[in-house]
Amino acid sequence: MEIHALQQIVHQTRDARRKQTIPKFSPADRDRLIHQYHPDYRSSAYRPIRFGPNAGDKTVVELAALLEGDSSIQEHIDLTPQYTTDVLVVGGGGAGCAAALHAHATGAKVILATKLRLGDSNSVMAQGGMQISVAPEDSPVTHFLDTLKGGHMQNDHELLKVMVEEGPSIAKWLIELGVLFDRQADGNLHVKKGGGSSKPRLLTCSDYTGLEIMRVLKDEVLNQKIQLLEFCAAVELLSDENGQCTGAIFKDLDNHRHVVVAAKSVILATGGIGRLHIQGFPTSNHYGATGDGLCLSYRMGAKLDHIDTFQYHPSGAVYPEQLIGALVTEGIRSEGGHLVNAKGERFVNELDTRDVVSSSIIRECEEGRGIRTMSGRVGVWLDTPLLDAEHGPGTVEKHFPAMMMQFERFGIDISKDPVLIYPTLHYQNGGVKIDANSETNVKNLFVAGEASGGLHGRNRLMGNSLLDLMVFGKRSGLTAASRAGSASQGKLTVNHLQRFRADAKKHGNSSGVISPMILPAYTRREAERTVTN
Amino acid sequence: MAQEDTNVIDQPEVVRHKMVTIEISGKKYEVPEGITVIKALWHTGQEVVRGAGCLGGFCGACATYYRTKDDPKVRTCLACQMAVEDGMSFTIMPPFPARKALYDIRSLKDPKQDLFNLYPEAPLCRNCNACTEACPQKIDVREGVWKAVFGDFKSVSEMFMDCVMCGMCTPVCIADIAPNLVALYVSRAQGAHFTEKPQGLDTRIKEIQDGRFNDEWKKVLAMSEQELADHCATVK
Numbered sequence: 001m002e003i004h005a006l007q008q009i010v011h012q013t014r015d016a017r018r019k020q021t022i023p024k025f026s027p028a029d030r031d032r033l034i035h036q037y038h039p040d041y042r043s044s045a046y047r048p049i050r051f052g053p054n055a056g057d058k059t060v061v062e063l064a065a066l067l068e069g070d071s072s073i074q075e076h077i078d079l080t081p082q083y084t085t086d087v088l089v090v091g092g093g094g095a096g097c098a099a100a101l102h103a104h105a106t107g108a109k110v111i112l113a114t115k116l117r118l119g120d121s122n123s124v125m126a127q128g129g130m131q132i133s134v135a136p137e138d139s140p141v142t143h144f145l146d147t148l149k150g151g152h153m154q155n156d157h158e159l160l161k162v163m164v165e166e167g168p169s170i171a172k173w174l175i176e177l178g179v180l181f182d183r184q185a186d187g188n189l190h191v192k193k194g195g196g197s198s199k200p201r202l203l204t205c206s207d208y209t210g211l212e213i214m215r216v217l218k219d220e221v222l223n224q225k226i227q228l229l230e231f232c233a234a235v236e237l238l239s240d241e242n243g244q245c246t247g248a249i250f251k252d253l254d255n256h257r258h259v260v261v262a263a264k265s266v267i268l269a270t271g272g273i274g275r276l277h278i279q280g281f282p283t284s285n286h287y288g289a290t291g292d293g294l295c296l297s298y299r300m301g302a303k304l305d306h307i308d309t310f311q312y313h314p315s316g317a318v319y320p321e322q323l324i325g326a327l328v329t330e331g332i333r334s335e336g337g338h339l340v341n342a343k344g345e346r347f348v349n350e351l352d353t354r355d356v357v358s359s360s361i362i363r364e365c366e367e368g369r370g371i372r373t374m375s376g377r378v379g380v381w382l383d384t385p386l387l388d389a390e391h392g393p394g395t396v397e398k399h400f401p402a403m404m405m406q407f408e409r410f411g412i413d414i415s416k417d418p419v420l421i422y423p424t425l426h427y428q429n430g431g432v433k434i435d436a437n438s439e440t441n442v443k444n445l446f447v448a449g450e451a452s453g454g455l456h457g458r459n460r461l462m463g464n465s466l467l468d469l470m471v472f473g474k475r476s477g478l479t480a481a482s483r484a485g486s487a488s489q490g491k492l493t494v495n496h497l498q499r500f501r502a503d504a505k506k507h508g509n510s511s512g513v514i515s516p517m518i519l520p521a522y523t524r525r526e527a528e529r530t531v532t533n
Numbered sequence: 001m002a003q004e005d006t007n008v009i010d011q012p013e014v015v016r017h018k019m020v021t022i023e024i025s026g027k028k029y030e031v032p033e034g035i036t037v038i039k040a041l042w043h044t045g046q047e048v049v050r051g052a053g054c055l056g057g058f059c060g061a062c063a064t065y066y067r068t069k070d071d072p073k074v075r076t077c078l079a080c081q082m083a084v085e086d087g088m089s090f091t092i093m094p095p096f097p098a099r100k101a102l103y104d105i106r107s108l109k110d111p112k113q114d115l116f117n118l119y120p121e122a123p124l125c126r127n128c129n130a131c132t133e134a135c136p137q138k139i140d141v142r143e144g145v146w147k148a149v150f151g152d153f154k155s156v157s158e159m160f161m162d163c164v165m166c167g168m169c170t171p172v173c174i175a176d177i178a179p180n181l182v183a184l185y186v187s188r189a190q191g192a193h194f195t196e197k198p199q200g201l202d203t204r205i206k207e208i209q210d211g212r213f214n215d216e217w218k219k220v221l222a223m224s225e226q227e228l229a230d231h232c233a234t235v236k
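Those protein sequence lines, which keep their order, are chains S and Z. The first sequence begins at 1 in my numbering and counts up by one. The second sequence begins at 1 in my numbering and counts up by one.
Hints may contain errors.
Stated by the list, open to error - Per label pair, the in silico range of CB-to-CB distance:
id, chain 1, residue 1, chain 2, residue 2, range
1, Z, Phe194, S, Gly376, 33 to 43 Å
2, Z, Trp146, S, Leu222, 35 to 45 Å
3, S, Ala5, Z, Tyr65, 48 to 58 Å
4, S, Leu222, Z, Ser155, 17 to 27 Å
5, S, Asn441, Z, Glu207, 31 to 41 Å
6, Z, Pro123, S, Val513, 52 to 62 Å
7, S, Gly394, Z, Asn214, 20 to 30 Å
8, Z, Pro123, S, Lys416, 36 to 46 Å
Hints are computed from structural coordinates only; laboratory data are not their basis. Predicted model only: the values in this text are computed from it and were never measured. Virtual Cβ for every residue (Gly too), placed ideally from N, Cα, C.
Pulled out of the complex, with its shape left as it was, chain S reads as follows (with noise of 0.2 Å):
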């Protein structure tokens, strides 16, 4: 059928709809939603890792190849180094950014080195907003208790005490160097309610609030003439005689040719996988998110934390096509959106944790209650056109801009035509496990952002991403940049190569990749292909 007969349920139920309450399911159905729907539970897409700090532990196989990979570096390379720094900071997204600006700040000299231009990432597209708790009947310990329901109670509780604390100085910050958050008549930060949060707590900039902040903190870097070194991907940490990090070698994407930059510290801040489309999934996520800090991180023997679980963010695009897997932002459902399958019934409180949202959605379409399109996806339809019902004709050109001019350039309008969507793989939830100062197991080895693990559970809270790249990319940053003046430069060797070496050949040798992936290899699989997805 045509999509616009399809679409008139949506229309025809949705005076009727508005009047429903859907109640949140019972913890135990929750959980049994879950086990049957949410692709974490999907156990055919598991292995246990062979060796390493994780040896026995499940993950994902596309992940436990490449943990298991093999380092593109021989033993005999030549490491004296091009550029000798106090902080290295290793990713150009908002961890990143945070982490260089802070540690810049204390007088350190730091070294921003990033495989694409300062400023590509997943940061630049965060739509739905920040959590902080600067709401009068908020606090922050309501956003802790909030945080640890959503991440199944599995949070580390010291890590996301010092999230939900430091947010609001966080928000300051930003707002000294110009960020432009939407306010309230009175001056007040204006608060949006997120998905699986008790109190109205994001902080935005209209649908655009990652790339505002990015914007900013981009201008701020240039501003502070810190070094950077872009498309340059880190290819192998640096270790001394003691296995403590030292630096890293990168391979500069332009000439090919390695750098060697020896440092007192190094700040992992390289983002997620998403581009490693587990179990087939299309992403949210950036042309970078290959996991290249998990993979250096776990040869130098850090720990990592969670990784089995995984978020599909529940509205990813289905239609059309060229848009596959891109982000409807969750805005849409903290307005008052609803979900609808191809009855016009809703299925679920579309402001429940991602994780439920998404095997809700998963369960409808699996049950025949989906919509199909003809290259063989399906999807439910989320009903836009409600919040201008809702709250007045303009409400959606009013608050979600970007949205309305990407599916403007295919003929789409999503203030008066619902969009069809389906769970995109999102976020990695897990990562290297950090203490509080976001350090690894690993001496002077620092990881920050969404490469890290520990703090969201098995389930992040709709707008903590963005609140854990500031705060931990300042501590990262600040915690490094305090050891450069008592420190000196330790040896650079690759000593820890030859420990993974041998520790893979006892086990069957590595799984035959060469890792970190750098960018997903699309230009074969994409000229092997007459119909592209």
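Got chain S; can you put chain Z on it based on the hints?
Chain Z only, in chain S's frame:
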């Protein structure tokens, strides 16, 4: 299942097996109709390092010039957000060497006057409107430059909230203005200097410093796993 059959979208513009001829940087290729410009590059076997970033239309890395069949007009787009069609010709824009002024946003004394020191070319706009036409985000860039010069920083910050910093407004400017950089400065100044300080935020920061939540923290952190789970369930 009958129900499923009726719930299938008949997509008019879906990616089809039909191949179209396009031109990438002056060279002809056959690619499937309807794929995005960036996927067309991958399809033709070209490694993309520069020219791809977020792939979601936000980072501005894939600024592209394109022209459609028989149309003399060269247009701009983001390569990850544009579908190819028969006869289309495109080239990804290389990084343009625009001058970015350096400043410490927090210590500016008179940001509206400082604009003329930092970007002295800003008031030299000759109204040609090329920047507005070049903007893939449909921002009225020319109007924004004028508003910046006349000190209406608030309007500029609102108009440029959509700006992805792709920089396509810059090479077309006959007065050598980099409008996106001017707007970024203006927006930051607006946020840092001309926006009311949120009182509630300062109150909350002070409450945390003064230990207002300490008793509650003590109670929560002393709970057993089960007590904590039960307590979380009561938070509504």
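Note to self: Between the beta carbons of alanine 5 (chain S) and tyrosine 65 (chain Z), is the distance compatible with 48 to 58 Å?
What the structure shows: Violated: the Cβ-Cβ distance is about 38 Å, outside 48 to 58 Å.
Check: So does glycine 394 (chain S) sit 20 to 30 Å from asparagine 214 (chain Z), Cβ to Cβ?
Finding: Given range 20 to 30 Å: violated, Cβ gap about 45 Å.
Item checked: Assessment of proposed distance window 35 to 45 Å (beta carbons of tryptophan 146 (chain Z), leucine 222 (chain S)) -> For tryptophan 146 (chain Z) and leucine 222 (chain S) the Cβ distance comes to about 26 Å; the hint is violated.
Note to self: Can you tell me whether the CB distance of proline 123 (chain Z) to lysine 416 (chain S) sits inside 36 to 46 Å?
What the structure shows: 42 Å Cβ-Cβ, so the 36 to 46 Å window holds.
Check: Between phenylalanine 194 (chain Z) and glycine 376 (chain S), is the Cβ distance one that fits in 33 to 43 Å?
Finding: For phenylalanine 194 (chain Z) and glycine 376 (chain S) the Cβ distance comes to about 52 Å; the hint is violated.
Note to self: Range first: 52 to 62 Å. Now tell me if the beta carbons of proline 123 (chain Z) and valine 513 (chain S) are that far apart.
What the structure shows: Holds: the Cβ-Cβ distance is about 56 Å, inside 52 to 62 Å.
Next item on the list: Mind checking the hinted window 17 to 27 Å against the Cβ distance between leucine 222 (chain S) and serine 155 (chain Z)?
Entry: Holds: the Cβ-Cβ distance is about 25 Å, inside 17 to 27 Å.
Check: Does the Cβ pair asparagine 441 (chain S), glutamate 207 (chain Z) satisfy 31 to 41 Å?
Finding: The hinted range 31 to 41 Å holds for asparagine 441 (chain S) and glutamate 207 (chain Z), with Cβ atoms some 35 Å apart.
When the structure is compared with the earlier hints, violations turn up for hints 1, 2, 3, 7 and for no others.
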